[in-house]
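Trainee: Below, each chain spelled out in residue letters.
Protein chains: 2
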Amino acid sequence: MSERTLKVVFQPEGRTVQEQPGVTIFEAAQRAGIAISSPCGGQGKCGKCKVHVSKNPPEPTPSEIEVLSEEDIRKGWRMACQARVAADMVVDVPLSARTSEQKILSDGVGVAVSVDPSVARRFVRLSKPTVEDLRCDLDRLIEALPGVGRHPAPLNVVRRLPGLLRQNDFGVTAVVSNGALVGLEPGDASARCLGVAFDIGTTTIVGVLLDLATGADLGVAARTNPQIAHGDDVVSRIQFASMCAENLAELQSRVAGALNEIMTELCAKASVAAGDICRIVAAGNTTMEHLLLGIDPTYLAQAPYVAAVRSGVSPRAAEIGLMANEFARIALVPNIAGFVGGDTVAGILATDLHKSGAIRMLIDIGTNGEIVAGSRDRLVACSCAAGPAFEGMRISRGMRAMEGAIERVLMPRDVEVGVIGRSRPTGICGTGLIDAVAELLRWGIVDETGRIQEQGDLPQNLPEPLRRRVIECESAGEFVLVPASECGGGHGIHLTQKDIREVQLAKAAVFTGIQVCKKTLGVSDEDIEEVMLAGAFGNYIRREMARRIGLLPDMPISKIRFVGNSAGAGAKMALASRSRMREAEEISLKTEYLELAANMEFQEIFADSLFFATPKSE
Amino acid sequence: MSERTLKVVFQPEGRTVQEQPGVTIFEAAQRAGIAISSPCGGQGKCGKCKVHVSKNPPEPTPSEIEVLSEEDIRKGWRMACQARVAADMVVDVPLSARTSEQKILSDGVGVAVSVDPSVARRFVRLSKPTVEDLRCDLDRLIEALPGVGRHPAPLNVVRRLPGLLRQNDFGVTAVVSNGALVGLEPGDASARCLGVAFDIGTTTIVGVLLDLATGADLGVAARTNPQIAHGDDVVSRIQFASMCAENLAELQSRVAGALNEIMTELCAKASVAAGDICRIVAAGNTTMEHLLLGIDPTYLAQAPYVAAVRSGVSPRAAEIGLMANEFARIALVPNIAGFVGGDTVAGILATDLHKSGAIRMLIDIGTNGEIVAGSRDRLVACSCAAGPAFEGMRISRGMRAMEGAIERVLMPRDVEVGVIGRSRPTGICGTGLIDAVAELLRWGIVDETGRIQEQGDLPQNLPEPLRRRVIECESAGEFVLVPASECGGGHGIHLTQKDIREVQLAKAAVFTGIQVCKKTLGVSDEDIEEVMLAGAFGNYIRREMARRIGLLPDMPISKIRFVGNSAGAGAKMALASRSRMREAEEISLKTEYLELAANMEFQEIFADSLFFATPKSE
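Which chain is which? The protein sequence lines are C and Z, in order. With my numbering applied, the first sequence corresponds to residues 7 to 624, in that order. With my numbering applied, the second sequence corresponds to residues 7 to 624, in that order.
Think of the hints as simulated: they come from the structure by calculation, not from any bench. Be aware that one or more of the hints could be misleading.
No copy is singled out in the list; a pair is fine if it fits within one copy or between any two copies.
Claimed, not checked - With a straight-line cut-off of 30 Å between C-alpha atoms, the simulated DSS-like cross-links for lysine-lysine are:
#  : residue 1 : residue 2
1  : Lys275    : Lys525
2  : Lys596    : Lys134
3  : Lys13     : Lys81
4  : Lys596    : Lys61
5  : Lys525    : Lys134
6  : Lys13     : Lys54
7  : Lys134    : Lys81
8  : Lys596    : Lys565
9  : Lys361    : Lys51
10 : Lys361    : Lys134
11 : Lys61     : Lys13
12 : Lys504    : Lys565
13 : Lys61     : Lys51
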């Protein structure tokens, strides 16, 4: 009865997604955070989205036969917008099929980034001193570097200057950052100036290697955040760090170690040296950014939850234990508040929300959901403590989205579930939970107050297979999603009344955040041009299901779009362009943080949001 | 027959000078680099220059009896402008008798300096974060510090910020430098913000402790430059440093060690902590500045003799091994060229030469003499390799100005010499040499070509005692200044023909520099309003003697004045005032360096200058 999902692996990144049969490779890639170009808008006409399916290429479609060559088809090339997932697949996405990596995932719209990095390696061959030209070495160098000012130069640079000049026939490479001389290298090292943009999540860290001269993407690599040994969520990490300086140092060194591993992998893949990495930009939630810098995050977890630093710390990479060019600095995308971090600012940057003429909304759902709403005129943001229900926690048979998790539920006349991997289901993860509750609501098994109906109160039209699954346990209703006989764990997967309540609390938290943003802006759902779902979880949500349970605003599905890893995309932009980094600073300063606890109407809106209301849009 | 000089010790500095009987305490203090105020212009009317003579107070003069109280006189108080040196003395100069230490030694004119230091310790008590005010700690601090901008803050400062704020009820001291937050201390540490200005000579290092809040002078201390173990002059130090990195590091660490000793002494005397020293400014010749920063000076000694750095290096004091406040930075007064250093720029700054309406000239005579000439419209500078003759070297019986050195010579009818200390003469130092040659010229014993006359060619009017001193040795003339029987060293002190030649070469080098400056500016002696003699040696020269041998321009003695340690005074100004430091940068950029080797007329002028010409002014 359970429907298996299919594994699609995208190469060369090696990113894997679980998909239902029938979705296009384009959609699957989107979920994997890989942007495939689609100049014809997915009509199967241009062939620009040509990818290579090296395992189980599907039957070619008529469009593919028309557009692609016979040889291409024979070798496994398909058009991502046409080919559909029909089996476990391995898909190679060549550079030719990718959107410029300076664009963000976004239904083909894309945001162009000018390459204007804050750091450059500039080779200069200086005129030699003569009796007629007795300028000192430093003045000689600075004056040969247009745009570089007379800032105080680092002592270690000046110390090596006279020798380096004369050992290299006055040809040296200046490392220039934000108009200042910051480093000096022998000879011509200007061929490569690389940067790495990190998206530092509480769970996963992703790094992208960029050629800062051209903006070219040279690879991506990821690691689990090794701080996870000291807690799954930010609060437990803060508690650990608060205990003593050694703990803080350990968390700092763990995350720095992961960044180093990622950089090592990136450099190996791209056959470049770590010494060519001249700049690092990282975006993470406020706690992750504090921990990376080794700044005590204690007060992020104590009312009124203020950050030590929003912006304006940019140490040398070596100072925080990162391996890169000795002159490389790391900059963090500035945060907005203790619970709205640099990752959110990066997301705003990547989606150009701060330049939008129309009202748009950016939602990243996690244990802490972040919501930003507004336009170029005004931006408001809030953080909502959804709790870990969507991570599968506090749910009787809840689990993370991993092998064995029910990640999709449909109830046409009986229950059909999609399970991650090839094993029997052992629990249910966040997306499956949303689906299940949405379907229970549709059939009236759960009413708008969230109560599981007793047998006698179930709707007349309820199909018998579903009706049989409603049982009573400890004087509350319960729904048998998968009986023990079909499960992997020796027990059935039931949804309890308490599970429904947890979903209600979580969705109410998010929805309240959305409402407070709307109220503050004075707009209603109709005024919202678009809702953008960001982040790992948002990317897997089925929009109609999320809307049905009231997790998302009641608006047409076409106005709700996935923007993938917008934090990572924003970090990349901030790395490639200093004007983009300046924009990030402006976003950080101008976005109004709404503290829900301080909102007078919060309790009222929250109480309202606990109900399930049938969306008008459906 | 030899006339002893008298030792005058000035307290509390402990500076000692050797003086002839009859000079006023005021003049002696001037030579010691101590500025005594003289509102009445030395007429003995105001009593403001009242000092305490604790050893051998002279008989009171009529003015003193009129102005001072009987008790004062009995206790040893005298007026510095009236009391004359008659024995070895110890003079205490109270604060009341001092010119504001923001003024430079200068016949009562003085240059006022506004106290506008680049560093300040500012105590702020911040409003605490509330739900209505969730600014991060750093923004909260910066916004409470008017005039401080959002520069990147040092990581170590931000790391301690959250804890320090909360442990101190949000009251902290910000160390602010040039409009940027550079440090953070618990509680209110704003009571003291000190600075030390160093004059780093090749031989002697002098440090002055200043209260940067008030500009008050808190003491002075000096040490011999311990680099002297590796050579007396800059060239031998450069050679030593050039050999290997360890040698350079040793010279750096020696000078840093001396600075630390001086700071330790200054702090002990003033009962303050080294941690209160928040800024250090140093002026020295270009080699000394390079060595202090640990920058390889090799190329300062290789044609075309360019510096590694003119300006724009300002490391943390700790980075170069200096003990001070952990956030203190050191700045160097910028240099003009490889052989015209920050000490010369400091001298220009202190004498306001760069603001002068009239043409003036600043001369610092040493192994390398520096000459600056001009006005606010144009400044030119050159360095002249006078050689070490004035240091007593390359002279058959030459010696430094120390115990036993003949430092003054007069030949009324026979030779009278002044000797430093109480011992018999053992040699002759620079000032004695100048005197001796000047007197030999006056009597015609040496002719204008520099030749010591043979007995037969000596002038008719030459007194017999002098005539007898002219002997012949190895077919050249020689002058017996002090016969062996009156000397301490077992040999006589003779001036040989070669000695005269060395003096000729030295004075020609300086005079050529003066001429090239004048020619470049297109001015003659009459156009020069004033010649200022700076530095240790210049301060002891007898002007009429120096002028007679052609070391100084042919102009009235009244136009030649001593400006004392103008380099130290300039360093103090640059420490006390950042606008003064900016002026120093402008001076460094605008002063034209004249490379004598590149001057087409150099050889010609130099050859002319070798002659001794009787000055018209005499």
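Trainee: All hints, please: hold or fail.
Mentor: Hints, one by one, checked against the model:
Taking the closest pair of Cα atoms, lysine 275 and lysine 525 never come within 30 Å of each other, the shortest separation being 49 Å inside a single copy and 67 Å across copies. Proximity of lysine 596 and lysine 134 under a CA criterion of 30 Å is satisfied inter-copy only: 21 Å between copies versus 49 Å inside one chain copy. Taking the closest pair of Cα atoms, lysine 13 and lysine 81 come within 30 Å of each other only inside a single copy of the chain (21 Å); across copies the shortest separation is 103 Å, beyond that limit. Taking CA atoms no more than 30 Å apart as the test, lysine 596 paired with lysine 61 passes in neither setting, with 49 Å inside one copy and 72 Å between copies.
Proximity of lysine 525 and lysine 134 under a CA criterion of 30 Å is satisfied inter-copy only: 28 Å between copies versus 67 Å inside one chain copy. Taking the shortest Cα distances, lysine 13 and lysine 54 sit within 30 Å of each other inside one copy (24 Å), while across copies they are farther apart (95 Å). Neither within a single protomer nor between protomers do lysine 134 and lysine 81 lie at most 30 Å apart by alpha-carbon distance, with minima of 59 Å and 67 Å respectively. Taking the shortest Cα distances, lysine 596 and lysine 565 sit within 30 Å of each other inside one copy (26 Å), while across copies they are farther apart (65 Å).
Proximity of lysine 361 to lysine 51 under the C-alpha cut-off of 30 Å is found in neither arrangement, the shortest distances being 32 Å within a copy and 77 Å between copies. Taking the shortest alpha-carbon separations for lysine 361 and lysine 134, neither the intra-copy value of 49 Å nor the inter-copy value of 34 Å comes in at or below 30 Å. For the identical chains of this complex, lysine 61 and lysine 13 are intra-copy neighbours only, at 11 Å inside a copy versus 100 Å across copies, given an alpha-carbon limit of 30 Å. When the C-alpha separation of lysine 504 and lysine 565 is checked against a cutoff of 30 Å, the pair qualifies neither within a copy, at 32 Å, nor between copies, at 100 Å.
In this assembly of identical chains, the alpha carbons of lysine 61 and lysine 51 lie at most 30 Å apart only when taken from the same copy (24 Å versus 107 Å across copies).
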